Each structure stands twice: as structure tokens, then as C-alpha cells.
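Visitor: Top line first, the protein sequences correspond to chains A and B. Take 19 as the starting number for the first sequence in our numbering and just add one per residue. Take 276 as the starting number for the second sequence in our numbering and just add one per residue.
All clues stand as given, with none of them false.
Which stretches of chain A does chain B cover? Using the computed rule of at least three CB atoms under 8 Å from a CB of chain B, they are:
hint: 1; segment: 371-383
hint: 2; segment: 392-403
hint: 3; segment: 420-430
hint: 4; segment: 556-569
Think of the hints as simulated: they come from the structure by calculation, not from any bench. Quick caveat, the model's predicted, so the values are computed rather than measured. The C-beta atom is built at its ideal place from N, Cα and C for all residues, glycine as well.
As a plain string of letters, each chain reads:
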Amino acid sequence: MFSLFVIPFCIGVVLLFAISAMKYVRWIRQFDKRQQVVIRHNIWSWRFLPAIWEAFREGLLHWRITRHHFLLGYMHRSLAFGWFLLIVVGAVQAILACPDGHPFYVAIFFNFFEPRSEHIVAFARSQTYAHVMDALLLYVLSGLTLAAFKKVWSRPLGMRQTTRHNLVDRVAKFCLWCIFPLRLLAEGATSAIYHNGGFLVTSLGSLMNAMGLDNEIFEYHLWVLYSLALGAFFTLMPFTRYMHIFTEVFLIYFRRLGLHDTARKDGYTLFELSACSRCGICIDGCPISNPLGINNIQGVYLLQNIRNKDLWKQSVNIAENCLVCGRCSTDCPVQIDLETIRRQVRSKDKAPIDKASGYQYLKSVHAFNAVGRVGYFGGCMSHLTPGITEAMEAIFRAAGQDYWYMDKERTICCGRPLLQQGFLQQAEELRHRNSELIARSGVTMLITSCPICYQSFTKEYHLNIPVMHHSEYIARMLQEGRIHAERSALRVTYHDPCELGRGCGIYTPPREVIQAAATLVPTRHEQEQSLCCGINLGNTVISNGQQGMIRDRAYQNLTEPKPDMVATACPMCKKALARGGETPVRDIAEIIAAQLTPAQ
Amino acid sequence: MDAADSARRAQLLASVPSYRLCIGCGACSATCSAGQFTQFNIRRIHTAFNCGQTDTLAEQLDSCMLCGKCMLVCPRGVNLRSLIIRMRQLLAN
Ligand code: SF4
Ligand code: SF4
Ligand code: SF4
Ligand code: SF4
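Isolated chain B (complex conformation) (with noise of 0.2 Å):
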């Protein structure tokens, strides 16, 4: 994880704060819309996201449809399209 990585992870956590109250339990992506059709599972892009393995992740985020199902089942709150969003405006600068 470079200088870069955490640079962008700061500013994730800066305009998503409850990005932190994550636990991980994958409740959100076993609901996602997405990924009833795809790999594509929310929790482990987290994860990516966090250690800087951000190869692929901005066209995994792509095949979000913001539908909010995820944000609606979230135990803790996290405000997930707003992080899908942000996520992939970071990505794209």
C-alpha cells in the first residue's frame, strides 16, 4: 500500500465517514443486485480498497446499479451508494 493508496483512503473516509463502522459480515453483498448476476461482491471491494489493490476494482464498481438494496439491509449504517460513488470518483482522478 503506498503513499497514493492511503491518500485516497483518507479522503474516502473524509467524505464517507461511516465507512469505519464497517464489520465486514457481507450482508450487503449477499443482497446485491449485481451480484445475483456476477462475481461482483461489495464487502470484498472494501477489503481491495483498503490494502490498495485497486487494479480492477474501478470496473468491478461499474456493474453497481445504485438500487440500495445493500444500504437498506446494512446492520451498521453505512451509507454504501454514497461509497460506491465516491469510490469510483477516486478511482477515475
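In isolation and in its complexed conformation, chain A is listed as follows (with noise of 0.2 Å):
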């Protein structure tokens, strides 16, 4: 059982293995070593069950996408989870005609070698095979029929914009797509003439013989071709997005292992870069891209920048240029860590420039003796909005809570700004002096108004006290009924802070606190889905102007229910939406202590 035409295939299959098995070895063997200490802790544990389950149904049947659109996920699920049964059926119908064994590209050209090689046998339900496989074909042919379409219009399919793709990704890309054509017609041919296959490729045979084509001479090139585009595709594989393919997988179970990005690059980084499929959906929802038209810089393209050594520095203006507001992290289905991977972009650590000295005055800042009380930080931004504080002051009064105000005077800023910007030791020695401040202070718990502090706080401090936002408090403070409000008439739309909502999950108890006091309304984007305000500290390369056109689409959203206030959970959320418009903008804390009524 063999003809020359295979030799294309199974040289692209063994490149394809050697050249990946290289690259994976070469980068588990970059792993951090803690990575490396947490591998060998847990790679004996249960933890590889859900790793399986996660990576079939992320892999093939791309869950994650057909949630984020439907016929998206179709086309995703239609060519990874077609091909994938493809193979399988194919093999185990080889073994089935096969009883005394055979070459592992028989499978792959069965419909070739079938009618012609003695060593294969009639088998029970052979002609379901046939049919299953042609249905199975026919599957993968209609995902590609939606990919060419999207192609020309990829709105239909979910996409405002798709991913530009470089040189070597296109051409593997037309190997790809030659692929099943091929098949189909040279399964066809081969049909014309032995008459053998499923319902789709004796209906190709007849046609062929009717149109009178002279398929002895068709059919031979045809495998040809087929063969040919399998083996360099597998070939080109390694050198394109088509390694995500395998590489998610492995992502998928390091990642249960307990495995994350830290703050340089290293292997786990490496694996990530390699697990992006450039399917582009992280495009859509920057604000960097949609209002402001800049399309070079979301998740898809740093990654391939940053893959590609020569494009290195490109990757560092790349990374600068982000809001840093979580969407893309959010919506990508292989949820790659885009904002940690930005971050080691970022990094000025090597830089002299990032240097922990010039903070030498902060040791003049005394902790002040509050055991026993709640700690309130207000952060930098809340010095700017005064009526948050004020209403916070108000409700710890009104809650009866012991609190110690502990930048009332002068802020130290918590780091997550320098540490966004890349300045690590600076953002260290900032964590370190706040640190050292509450833990003097003996404060039984640390509460603050500002959605970056709260972030910061809660995952880059390791502070051994709980940490809350103010939403949580209050709304706390609601059910225990530490505090009343009355309800008024007002209608309230809703902004989900980006540090808050998609940086800590908090959705619900801001939510809940406005309902205690006024009506909420609710807009088209919302939670996760929810725009950022334009001010966002995460970037410094957009200018004022290009700010106002961000918070303007933010703003539409919120005020097109036409409510009487637009609510939000950030001082500097507020600072910007209130420079949107007419409509007045508050935090939930004002919002909350303007309605206080006294326990009845």
C-alpha cells in the first residue's frame, strides 16, 4: 500500500511533530522556577480531568466563541471539531478494512487505496463509513464556505473588524483552505472510477463521468494536490497562528496546573504567545480600535510582534498605547493574560530610570494608632472629588463604624499606576510604605473609594486583613441594616468602572446600593461588555481629545435612557463622565448618603 504522492504528506507530518516537540521542550525548559517548583507539585494531581474537558471543549468545540456569536463559533467549531473526527473515524475505518495492519497515511487516503490495495477487506457497515465520513467532509466544507465569506463581509459572522495577517499565516492559510477541496475531488474522482465513497463523493464521481472528464488522467494529479497541501500546511504550521492548534492545549493544562504570567517573560509567556489563533475578536471591543480607529495595537498584535523578535521594539510603542480597561483579556477565548503580557512589555525594570530612591520623604508619614477601627483610603483620585469622601465619612457616621481616615491629609499613592507604566521597584516601595502603614495602624480592615487602589490592594498587597471596595461596604452596611436609605424618584443609569467590574468581577453590590436608594436603568453595555471612561491611567500616548472621544461613546450609552443621574463606582470615572454632558454624575456613596434616614 503505497504510491509515490504520499511522500508530500508524511514529510509535512514529521516536520510538523519534530519542529513542535523542539519549540515545546525548548520552552517548558524556560519556565520560571517557581513555575517549575508548582509543575512538579501538581503534575501528579487530579487537575488533569477539567484540563481535558476544558481543552476539548475550547479546542474543538470553541465554547468560548460560539458564545460571543453564534455563527462564529459555527465556522471555529465546524473546521477544528470536523477535522478532528475526520481523522478519528478515518483511522478506526482503517483499522476496521485493514486486519492485519497498515501504513499510518492509509487512513488519510483511504478512499484512494481502498479500491485498489488487497490488503483491504470488506468490512461490516463499511458503506456507513463512506456516508459518515462525507457528512463529516461536508461539515468542515460548510465552516469553510462561512470562513470565505467572512472573508469578503465578516459582519454577519460578529466581526466589525478582522485581523490583518502576515505573509507566512495567509499563505498557510490557502493551504488550509486548499485542503478539503482537494479531497473532495479526488475522492470524486476516484469514485467516477471504482464507484466507491459515501452520498457526496459518488454524486461528485457521477457528475464528473457525466461531464464527460477524463478522470484516470484527473485523479492521480488530484491526490497529488491533496497531498501536497496537507504537507505544507503541516510544514508551515509551527511557523504560523495554525500552532495554536496544539498549543492551546497545552496552555489550557499548564494553566490548571496553577501556572500564570509573572512579571518578565518566560516560557508560560511563550506557550500564550503561541496559543493565540489571531482570531481577532479581541479587536472589536477596544476602545483604542472603535471610536478612535487605531487598529494596530489590541492583544492580536502585540502577540505577534512580540513573537517575532525583529518587531520587538514596534511591540513596545504597541504596548503603550492601551487603556489597559481589561475588555480584550475579557472577551478572548483562550484568555490569554493580554494585560500582564503588556505589563512585561512595559517594563522599565532594567531601565535605571525605574528606581526606588526618589521616594526617601515618604518615611516622614507616621501611622497613626487606630487598632480596633476600619482603615478608609481614599486614594489620589478621591482628593479630587470631595463628595465622595464626604458622603463616605457620612455613612461610616451613620453606620456607627470606628474608621480612621488614613490619607485625609496627604495620599501615598498605591503603585498600580507606576506598576501599569512598568515601574516595578518604584510601584514595590510605594506597596511596602502603605503596607507598613496599615499593619502599624492595626486597622481591622481596609475599605477604599477608588477602584485601582482596590485592585491593587487586593492583588498585588498581601496585606492580612480583608480589603473592600466601598460599594461592598455599603451594600454590607444595607443588609445588615447598619444604615437606611430612603428610595427616591430618580432614574439611574449605571457605569461599571473597568478597574472594578472586569479587573475585580464586581458587578453586583454597586448594583445593589443604587437600587436601595433610586431606580436603575439599564443600558446596551453593561458588565463586562461596559466602555471605559476615556481617562483611564493605563495609557499615556492618546491625547486629550482622542480621552473625550472615548468618554463620549461611554457617555451616549449611559444618558440614552435619558436618566435623571448616571451613577459609577470611581472617582476618576466620575471626574470624566461629568465632563460628558449635561446629566449629573455621582458616586453610589453620594447617591446613598444624600437619601440616609435615620434606623426606624
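Make the complex out of the two chains shown on their own, each in a separate frame, by following the hints.
Guide: Here it is in C-alpha cells:
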């Protein structure tokens, strides 16, 4: 069972596995030391079970993409799962048909060998198998048709913008797109001569006969082309986005083992870079793309540039022009931690300008003895919105809460703005100062009004006391009946701050708080889909005018239902949105403070 | 002010175009988080940088915490954080 035409396919398979294995071994060896310890510790745990399910669900069924958009999910699924089933059912078919064994390529070129080889025997339900294989091929071809359609008009598949691919990706895609039509034609030609195959290829075979084609000549050439397309695709795969097919499975497994991105690019990051399928889903939601119309900085391009060493310099520029709004990481079906990867690129860790010695002056700040009280940290930005801090003090008083307003006079920044810009050591110094103050004061809990500080305290500090955002705190006080609010007739829309919502997953408490004092009106972009207010400290590149454009889009969404008031839970969002127009913008703390009533 | 200083100023203007919008109102310095602890004065730093008096600037700039308050109060929309980062980079070279 051999024919010369199988050679390109065989070479492709060998190269694919050899190159991929080499790459994977190299990346695994580059894992950060601590990550290696985690791997060794967890490798024999049960964690591989959910990883297998997730790999099946995401790698083959593309569940998350389907949730994002059904038709787009169907397209990805039919190509991935359809091709996978073609391989699996084809392999079973070959095993059943060749009881005394067969070379591996027979499964791929089964319809070619089946009529010619005496090693292949008739087996039970062989015709059913042929029909199933044809149905699967049709399934894949339907996905391919959608993919071709998407190239011309992507809107019906839920995409406003699609990825601009580089040359080698485009060549590989061309090979991939050739594979299935060529397979259909080759099988059709064989069927025209030998009348084998299922419903699809026999119909095509009859058609070819009816057209009077000289199938004897065609047939072999078509199989050669099919094998060439497969071989070329497999050879290119490790150098293109299609490397994501295998890499995503590894990434899912490593993530389940407990690995994650660290401050520096390591082996795990390398797996992430290659697990990106360049699907382009991260483009549409990005505020830098819509409304600003800048379409070269999104996650897909960042990863592509980092992967190509020659483009490293560009990747720094790309990484700088991002609001760190978290929308892309939330949308990414591979769940790549784009924020941390950006931070790795932005890192000024080795540069002389990231030095912590500038903050000696903070040593003059002394802790206050606040044992047994709760600590309140307004944050830098709250100093620009005194309405919020005053409302919080009123709420503390109403709840009979003993509190220490730790940055009432002067604020030491939480350090997150520095961290976002890649000044790791300086950020660490500020965290150290604040941690020391908090620990020495003896407070039992920390409450902050700023979502940036909240994210910083919960994720980057290692405090041994609970930390709450004021939305959580007020919601709890209301629940426990420690404060009471009277409902007003106001209709209010709520703006989810990026850092609080997508950043920390806090969506419900602020809504509960609003509902205690007003009527909450929904908007079109809520929760994970919420729009950035534009001022976010993550970006140092865009201009004031561009920030305004981003804000206008968010403001428009919030004021579309014609509310009496826009609510938010972040001093910076409040400042930004207040500049958007006439509708008053208030923090949820202010809304509650205005409606406080004495206990009945 | 020598040639190196003007070259540096030109570079700063090129990468932070909003720099030229500054009217020296001092709002940024009045609100500055670092300025509440020290003599750090971002408006004075602008002036010193413009005149090429850069001897102690790098050190002074190190006390900024990048908190962004200055940017929020600036009436002219000067991208102050970008300005500070860029100045630090230019002075380090
Ligand atoms: S980063 Fe995620 S969403 Fe963006 S192209 Fe890659 S896989 Fe798709
Ligand atoms: S974090 Fe936000 S601004 Fe940055 S690339 Fe992602 S979606 Fe765009
Ligand atoms: S970013 Fe720097 S200069 Fe601006 S207010 Fe904060 S500490 Fe002051
Ligand atoms: S607030 Fe703006 S305009 Fe005023 S001095 Fe500072 S940078 Fe210049």
C-alpha cells in the first residue's frame, strides 16, 4: 500500500511533530523557577481531568467563541471538530478495513487505496462509514464556506474588524483552505472510476463522469495536490498562527496546574504567544479601535509582534498605547492574560529610571494608632472628588463605624499607576510604605473608594486584613441594617468602572446600592461589555481629545435611556463622565449619603 | 542653554505635543500628591527643563508617583504623566 504521492504528506507530518516538539521542550525549559516547582508539585494531581474537558470544549468545540457569536463559533467548530472527527473516524475505518495492519497514511488517503489494495477487506457497515466520512467532509466544507464569506463580509459573523495577517499566515491559510476541496475532488475522481465512497463523493463522481472528464488522468494529480496541500500546511504550521491548535491544549493544562504569567516573560508566556489563534475577537471591543480607529495595538498584534523578535521595538510602542481597560482579556476565547503580557513589555525593570530611591520623603509619614477601627483609604483621585469622601464619612458615622481616614491629609499613591507603566521597583516601594502604615495602625479592615487602589490592595499587596471597595461595604451595611436609605424617584444608569468590573469582578454590589436609593435603568453595554470612560491611567499616549472621544461613547450609552442621573463607583470615572454633558454624574456613595434616613 | 538642551527639548515636544499647551497656571503643582510631602513642583520643573537647568531635575522627577492627579486638573489637557516619564528617559540618556 504505497504510492509516491503520499511523500509530501509524510514529510509534512514528520516536520510538524519534530519542530513542535523541539519548540515545546525549549519553552518548558524556560519556565520561571517558581513555575517549575508548581509543575512538579501538581503534575500528578487530578487537575488533568478538568483540563482534558476544557481542552475538548475550547480546542474542538470552541465554546467561548460560540457564546460570543453563534455563527462565528460554528465556523471555528466545524473546521476544528469536523477535521478532528474526519481523522478519528478515518483511522477507525482504516483499522477495521485492514485487519493485518497498515501504514499511517492509509487512513488519510483511504478512498485512494481502498479500491486498489488487496490488504483492504470489506467490513461490516463499511458503507455507513463512507457516508459518515462524507457527512463530516461536508461539515468541514460548510465551515470553510463561512470562513470565505467572512473574508468578504465579516459583519454577519459578528466581527466589525478582522485581523490583518502576515504573509506566512496567509500562505498557510491558503494551503488549509485548499485541503478540503482537493480531498473532495480527489475522492470524487476515484469514485468516478471505482464507484466507491459515500453519498457526497459518489454524486460528485457521477457528475464528473457525466461531464465526460478523463478521470484516469485527473485522479492521480488530484491526490498529489491534496497530499501537497497537507504537507505544505503541516510544514508551515509551527511558524504560523496555526501553532495554536496544539499549543492551546498545553496552555489549558498548564493553567489548570496553577501556572500564570509573571512579571517577566518566561516559558509560560511563550506558550501563550503561540496559543493565540489571531481570531481577532480582541479588536472590536477595544476602545482604541472603536471609536479612535487605531487598529494596530490590540492583543492580537501585540502577541504577534512579541513572537517575532525583529518586531520587538514595535511591540513596545504597541504596548504603550493601551488603556488597560481589560476588555480584550475578557473577550479573548483563549483567555490570554494580555494585561500582564503588556506589563512585561512595558517593564522598565532593567532601565536606570526605575529606581525606588526617590521616595525617601515618605519616611516622614507616621502611622496613627487606629487599633480596632476600620481604615478608609480615599486614594489620590478621591481627593479631586471631595463629594465622595464626604459621603463616605457620612456613611461611616451613620453606621456607627469607628474609622481612620488614613490619607485624609496627604496620599501615598497605591502604586498601581506606576506598575501599569512598568516601574516595578518604584511601585514596590510605594506598596511597602502603605503596607507598613496599615500594619502599624492596627486597623481591622481596609475600605477604599478607588477601584484602582482596590485592585492594587487585593491583588498586589499581601495584607492580612480584609479589603473592601466602598460599594461592597455600603451594600453590606444596607443588608445588615446598619444604615437605611429612602428610595427616591430618580432613574439612574450605572457605569461599570473597568478596574472594578472586569478588573475585580465586582458588578452586583454597586447595583444593589443604587437600587436601595433609586431606580436602576439598564443600558446597552453593561458589566463585562461596559465601555471605558477614557481617562484610565493605563494609557500615556492618546491625547486629551482622544480621551474625550472614548468618554463620549460611554456617556452616550449611559444617557441613551434618558436617566435623571448617571452613577458610577470610581472617582476617576466620575470626573471623566461629568465632562461628557449635562446629566449629573454621582458616585454611589453620594447617592446613598443623600438618601440616608435614621433607623426606624 | 546649549545645543544638547534644545535638542532634548525638541525631542520632548515631539513625543509629548501637548507640552506646548501649558500656560504655567500651576494647577498641577497645587494638587500634586508628591508636592504635598516635598518641594516637588511640576510647573517649576517645566520651566527649568525649558531653560536647560537640568542639574537636579532627574532627582526631582524621581519623587513623582505617577498618580495622575495633575492631569485631571490641568485646564489645558497637558499629558503630564507622559511628559514626566519622557523627561526622565531623556535625562537618563
Ligand atoms: S489575543 Fe485572544 S482574542 Fe485576540 S486574536 Fe489572540 S486568541 Fe483571539
Ligand atoms: S486593554 Fe482595553 S485598550 Fe488595551 S488593548 Fe485591550 S481592549 Fe484595547
Ligand atoms: S502624577 Fe506625579 S506630578 Fe502628577 S500629581 Fe501625581 S505625583 Fe504629582
Ligand atoms: S496645570 Fe497644565 S497648564 Fe497649568 S501649569 Fe500644569 S501643565 Fe501647565
